[in-house]
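Undergrad: These are the residues of each chain, in order.
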Amino acid sequence: MSVKVIIPTPLRVYAGKADSTEVSAKTVGEALGQLTNKFGDLRKHLFTEDGKLRSFVNVYVNDEDIRYLSKENTPTKDGDTISIVPSIAGGFV
Amino acid sequence: MSTKVQPITSQPNPTGKATTLTNEEILRYSRHLIMPEVGMEGQLKLKNAKALLIGTGGLGAPLGLYLAAAGVGHLGLVDFDVVDFTNLQRQVTFGSDDVGKPKALAAQARLSNLNPDIEIETFETKLTSENALELFKDFDIIVDGTDNFPTRYLVNDACILLGKPNVYGSIFRFEGQVTVFGMPDGPCYRCLYPEPPPPGLVPSCAEGGVLGVLPGIVGSIQAMETIKLILGTGESLKGRLLLFDALAMKFRELKLRKNHSCPMCGDHPTITKLIDYYEFCGVRGEEAPGPDVQVPEITPRDLKSRLDRGDDLFILDVREPHEFQICNLNGHLIPLGELPRRVHELDSSREIVAHCRSGKRSAEAVDFLRKAGFRKILNLKGGILAWSDEVDPSVPKY
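Sequence order for the protein chains is A and B. Each residue of the first sequence is one higher than the one before, starting from 1 at the first, in my numbering. Each residue of the second sequence is one higher than the one before, starting from 94 at the first, in my numbering.
A couple of the hints might just be wrong.
To be verified - In silico lysine-lysine, BS3-like type, Cα no more than 25 Å apart, as pairs:
#, chain 1, residue 1, chain 2, residue 2
1, A, Lys-44, A, Lys-26
2, B, Lys-321, B, Lys-143
3, B, Lys-343, A, Lys-4
4, B, Lys-110, B, Lys-351
5, A, Lys-77, B, Lys-348
6, A, Lys-26, A, Lys-38
7, A, Lys-17, B, Lys-343
8, B, Lys-194, A, Lys-4
9, B, Lys-343, A, Lys-77
10, A, Lys-52, B, Lys-331
11, A, Lys-17, A, Lys-44
12, B, Lys-348, A, Lys-71
13, A, Lys-17, A, Lys-4
14, B, Lys-331, B, Lys-230
15, B, Lys-490, B, Lys-194
16, B, Lys-351, A, Lys-71
17, A, Lys-38, A, Lys-4
18, A, Lys-71, B, Lys-143
19, A, Lys-44, B, Lys-464
20, A, Lys-26, A, Lys-77
21, B, Lys-194, A, Lys-52
22, B, Lys-348, A, Lys-26
Read the hints as simulated data drawn from the structure, not as lab findings. Values in this document were obtained by computation on a predicted structure and should not be read as measured data.
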């Protein structure tokens, strides 16, 4: 299953400046695992020390939040897009 | 700590709702009036509306300009900051003459000039848990153009407690997020992000930079959403998170659901009053989110005298290559993010002074290197900014 993972601007610095990457995965968890294997520096920004997805990082399969699907067990199919959307605070600085 | 809010009103408060427009107003708003979606009825809604802008900077600039121009009858501007030169690249309300002036007052002057028929109230204060409810209560819509997590959560919670819509916009470098929170049956900011990131894990705008046009676009979308809410027309961004990537020039939309177990707006809320948002976000006082690292330091003056003395010091610059091009202290450049895999370039037997722009990233570098076994390493206190202030003013500040 070829899945596209979109890497948000604040995290691109930990992903060799890539804005997206293709992985082959059957679930969201697998896709994120492959992503962090590819870009090791990303791991601590996406996961806590005990391996849980951080609460200020949301993950979507296409336009749906995985918290309302099967979380990291959410299945992915060929051509799906996974978006990582961290909270950003910027405005008037 | 309570900050007294002193509204400064450019015109006296109206006693009731306006039911007519003057001939001058009809001429001014003619392009709205000839449009059936606005018309006289819509223009009167705008005239009778009260919108509060939190922040008058990057997002607040297009917001203030467009809402004032559109004839939103009562605007509140909350900002305690002062205009500086680095603001002018994107905060288009301000001119060079405004540098040094309070932002709220400079914005009020500009917006009054744009539209003298509206009331503009300024609040030169920091928004706090003590003053937020009092400040928000007289406004119909709150527009969040702030720059930090504690204020974002504060604005969200105050809007939920008062049942007011919160038009949300946020930016980073060349990416933006926009939505509308606080609508009946709609999600709130805590439904989207239950918790803020720990300090230091996400760079702020001051560290990360922002493309000047980006807040113009994101703030304009917020202005459009605000006007639609006032008019009660169209489809709002409620329940949708709009993502904008300016480099790819792509808009994407994600579903944003109300979390029924949300502690703020869920079925059984556990947060029923405003809390200490700095504590919630892991930061104290007015300091920007950043790692709380205590490391040995050297002041710019001490570094200068040691260099003049001919001491053998290795200057390590942990900024990015594009920052090195702006100015440098002839240091060896290893960006903070590359330090772990480039440690071998450093000689732990030599004394090292690490620096960055302000001293924050280099403190992280020093902390990292000490944990890696380096003993003779110091952080340049205040970074290049302090070097420019205290030692060599010919070095530009950025």
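Undergrad: Of the hints stated earlier, which fail here?
TA: 4, 8, 10, 18, 21
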